[in-house]
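S.K.: Taken in sequence, the protein lines are chains A and B. Residue numbers are given in our numbering: position 279 of the first sequence equals residue 279, and the series is strictly consecutive. Residue numbers are given in our numbering: position 64 of the second sequence equals residue 64, and the series is strictly consecutive.
Since the hints were derived computationally from the structure, they do not count as laboratory data. Among the hints, erroneous ones may be present.
Intra- or inter-copy, both count: the list cannot distinguish identical chains.
Said to hold, decoys possible - In silico DSSO-like pairs for lysine-lysine, Cα to Cα no more than 27 Å straight-line:
id, residue 1, residue 2
1, K139, K345
2, K238, K400
3, K312, K142
4, K312, K359
5, K345, K400
6, K232, K345
7, K232, K139
8, K156, K282
9, K312, K246
10, K359, K232
Spelled out, the chains give:
Protein chains: 2
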Amino acid sequence: MTDMSFLTTLITDSTAKIVLFVLDGLGGLPDPTSGLTELETANTPNMDNLARDGICGLLDTVGIGVTPGSGPGHLALFGYDPIRFEVGRGVFSALGVGMELGPEDVAARVNFCTIENGIITDRRAGRISTDENARLCAKIGKVIVEGVEIEIVPEKEHRAALVLHGTGLSDEVSDTDPQRIGEAPLECDATSVGGEEAERTARIVNQYISRVVDIISDEHPANMIVTRGFSKYPNLPKMTEIYSLKPAGIATYPMYKAAAKLVGMDLIETGPTLADEIAALKTVWNTYDFFFLHYKPTDSRGEDGDFSGKVKAIEEADAQIPALMGLRPDVLAITGDHSTPALLKMHSWHPSPLLFHSKWERRDSVEAFGETACVGGGLGRFRAVDLMALMLANAMKLEKFGA
Amino acid sequence: MTDMSFLTTLITDSTAKIVLFVLDGLGGLPDPTSGLTELETANTPNMDNLARDGICGLLDTVGIGVTPGSGPGHLALFGYDPIRFEVGRGVFSALGVGMELGPEDVAARVNFCTIENGIITDRRAGRISTDENARLCAKIGKVIVEGVEIEIVPEKEHRAALVLHGTGLSDEVSDTDPQRIGEAPLECDATSVGGEEAERTARIVNQYISRVVDIISDEHPANMIVTRGFSKYPNLPKMTEIYSLKPAGIATYPMYKAAAKLVGMDLIETGPTLADEIAALKTVWNTYDFFFLHYKPTDSRGEDGDFSGKVKAIEEADAQIPALMGLRPDVLAITGDHSTPALLKMHSWHPSPLLFHSKWERRDSVEAFGETACVGGGLGRFRAVDLMALMLANAMKLEKFGA
């Protein structure tokens, strides 16, 4: 992996236009009958043409065997090592459900759980439904402790996001989630480097949890919450500073808008469909030089376990490729931020297929875009965090290193 | 490479069973006539079936061009970066020949060498035979210096292992092996951080070598010893702590039992054959969730330069695959800890072929298990230290990283 600050020393001017088209959760697993993945099953004449004309490969988002969340997945594609630039779990949870996060607010990930005689007996409260979760969050409502307004918003199943809106708060506080059953939830404590603001924040969290217990202790199975990943909005270096790019982000879901904003992209207004997104991209084509285009349905259908729905979502994306190529991007990368096989109904560790198109790349023997074909692709298998360097190189944005 | 402590943060519960089947020194080089390696020559219908149904790749144990010893080779397969977790050469020498090593004992690697007028003229004493080595070690016998009992045990050819059994010893002492001819053996010295215990240990080592000289100075060509890699039994993090696994090790040679023990595996009693080992594995199948199964003959025949013997050893291993698969492991990895090409008669730097079988992996086009086929395998080429993450992922033992 090439260090980001090293890349920065090589940056030069270019007028080339780069498009990073993320089909969320693109990679899959083969249907046991056909032996073909969702992407391999889909009829994708436009991407296949690009694959024939371009060069393919496989991307490891974080590392071999590691299943990336959407946050780390996108940071990696933007060239930010997701382990080094770890954004708190709480922040991504909150941003992912569209909560506002002020610079002094503190966010956390919440799990509803089951407690009996003070001991956690199920860390996921039997994986309650998202509807049940929403009902519980509504029942808890907004709580104010010591002048700090605390908001809880449902994610999926037993997971929720919590934000403490206020001033003088610290994220240097410990998890209350012991992360195993048979133990009592922990008290929230200031960490050793926390200081007075952390002591106050921990006190507020503990009071909040007492109040929540009063409200849901007679519920079943979700009669308790545990919290982890207390974090504030992170101050990441911006793509303009690092790469001297003028980046635009086009996405329809809060999580991906949030990820784009974290690295300093301008968010472009768009309608809900991919056609809308490409139309939006078109309107700002002359204003920016880097375009992050995000497409959600591939991941959603994968998470639903809907193999044929994911196939259809891929085909719908493929149908928009001519509109995108009509803009004649100098560099185009099509990939996923992680895999979401319909067979697993969740994000997975499998590398993402990558289709790379630029007039300054070698060709390979890949004839159609698919996971198995990408194994033999000319780019091989590499870490997603290096994709940005490859895009910049093809945009002639990187000077020679050394004389 | 994903850091081990990072993986630990992702560990969750799973009931899946993982088997790591190490065919020691599996990888080879092609026979010049047939163009096929030992593995490619062998008739391995069972492994070929698994390769067709599974996914293949190539593993670099330490790094490209680096020939691993058995110790680092196994540490890497267990997910321990063998450069970071360097276990002293002395420790592996001693454990490799089955010597007991107490927590305060100090071990070293010994080379018999030839000395003339105080100068080393042959660092390997003409590679004396292992029998001659054994005779010399017996002649030296147990020596007691300042109450410390010092034991020497033959390894192969000119190499032996030395253990100082006692208390108040330190491994912060320097090598006496100058590692070149034309120089005198060095005095053993305390290192700069060694302190009094190291001073005493160095004094004991020097006295010991004087005594050995008295005993073997009239021998030829092995009339002197040099020592290096003084080290104590290392305190490695245990697999249970890191991966939350309950690991069992099944091996017949001291070195591999030692490697398994170092990372906290329970050693399972077994007879000498692979069939015995698999029978032993079967008896504890319900008690453990990670099984390290070690098979030695592939390496032994490679070291002998016995190409067809190694082919036969591979075929004998293949014949036991049905018994192993009868247990229905959720995750199975078959690979080597390094290559041992019969043509080289030694360990080599060539990557190890990897056969990976799990219902949660993609398929690839590999039709038979072999080095050349693995080049095109769906897993590509990666570092052995990352294999553990891939096994854990397939066992559903790793949570998603980030939201």
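S.K.: Against this structure, judge whether each hint is valid.
M.R.: Verification of the hints:
no. : hint        : in the structure
1   : K139 - K345 : neither (29 Å within a copy, 68 Å between copies)
2   : K238 - K400 : both (23 Å within a copy, 26 Å between copies)
3   : K312 - K142 : neither (40 Å within a copy, 72 Å between copies)
4   : K312 - K359 : between (30 Å within a copy, 25 Å between copies)
5   : K345 - K400 : between (44 Å within a copy, 13 Å between copies)
6   : K232 - K345 : neither (30 Å within a copy, 49 Å between copies)
7   : K232 - K139 : within (26 Å within a copy, 60 Å between copies)
8   : K156 - K282 : neither (34 Å within a copy, 40 Å between copies)
9   : K312 - K246 : neither (33 Å within a copy, 43 Å between copies)
10  : K359 - K232 : neither (42 Å within a copy, 40 Å between copies)
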